[in-house]
Every structure is written in C-alpha cells, then in structure tokens.
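First residue of the sequence shown: 1, per the working numbering; consecutive thereafter.
Think of the hints as simulated: they come from the structure by calculation, not from any bench. Among these hints, one or two may not hold up.
[As the list claims (entries may be wrong)] Subject to a maximum C-alpha distance of 30 Å in a straight line, what follows is the list of computed DSBU-like cross-link-like pairs (lysine-lysine): (1) Lys105 with Lys18; (2) Lys56 with Lys43; (3) Lys67 with Lys43; (4) Lys18 with Lys56; (5) Lys67 with Lys18; (6) Lys18 with Lys47; (7) Lys105 with Lys56; (8) Lys105 with Lys47.
[What the hints assert, rightly or not] Distance windows between CB atoms, simulated: (9) Pro7 with His35: 55 to 63 Å; (10) Pro34 with Asp128: 23 to 31 Å; (11) Gly38 with Lys67: 24 to 32 Å; (12) Arg78 with His35: 55 to 63 Å; (13) Lys67 with Ala40: 54 to 62 Å; (14) Pro92 with Gly38: 37 to 45 Å; (15) Asp109 with Lys67: 49 to 57 Å; (16) Ala65 with Glu42: 40 to 48 Å; (17) Arg78 with Lys43: 37 to 45 Å; (18) His52 with Thr127: 20 to 28 Å; (19) Thr127 with Phe29: 55 to 63 Å; (20) Asn110 with Arg78: 18 to 26 Å; (21) Ala65 with Phe24: 46 to 54 Å.
Predicted, not measured: the structure shown is a model, and the values here were computed from it. Using N, Cα and C, we set each Cβ at its ideal position, and we do this for glycine too.
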Amino acid sequence: MAVFEQPLAFGNYRIPFKRYSVTFEGRHFVHEYPHAQGGAPEKLGRKCAAFHVEGKIDAALIGDAYKGNWPDTANFLRYMVQSQETDTLTIPSIGMLPAFIVLYKEDRDNTQLSGFDISIDFLEDPTDAF
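Input sequences plus hints: build the corresponding full structure.
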C-alpha cells in the first residue's frame, strides 16, 4: 500500500479529514556572549511531533469506510482525550506512530443537520523508547 493510500485514523477509527498539518521541531539553546557576534547554538534533539487534524463527524457519510462515524468515532475520540491514553495514529503522508490527544474540539452550526466539525491536536508519544 502506498503511503498516501492509508486513511487518517486513530486506533481502529477512521477520521474523515478536511486537512491536517504536521509539525516537527528541534530543541535548541543559543549561548550568547557579550561583545561577540552571533552565538553558539546547542542542538538538543527533536521535540515530539505534533499533528493538527480538521475533520467531520457525520451520520450521513456514505460508504462502509466511515460506517459508525456517528456516534462510535465521536465517542471514542471524546474518551481518548479525557483518558489521555496512547493509541496508533495513522497519518497518510507519514505512516503509523504512537500518539495521544491533547485537544479535541467540536463545532456545529445550524446548517449542519447530521453532524459537526472537529478539530484535534495529537502529540507523538515515544515513551516506550525510554
């Protein structure tokens, strides 16, 4: 399976997404000295990867891939943000990695008759590496 053929998913639940973003960032410290130009950067390794997903929970989604999107996926995501349990996050452009939810938000307006928009922030959880 090519990387982009993977669905975006958390655990066993597919998340229909509008967009997602991935942030990789390095930790560093810059030692600065009086009367010296520039500084001496110290590279301290990378931070945990962060992922932001904007998607939809909707009872009217068509196809078997998203069957149970409402209420099963919504209930699972709500549980996971409250428990902060780690599960497998699948990102189409990256693959699978352990992560947990740090922010989950639902937005609904009166034009959405069968669902609502979601915004989720995930953080990589490499605690098994220690």
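Numbers of the earlier hints that this structure fails to satisfy, in rising order: Violated hints: 2, 3, 10, 11, 15, 19, 21; rest satisfied.
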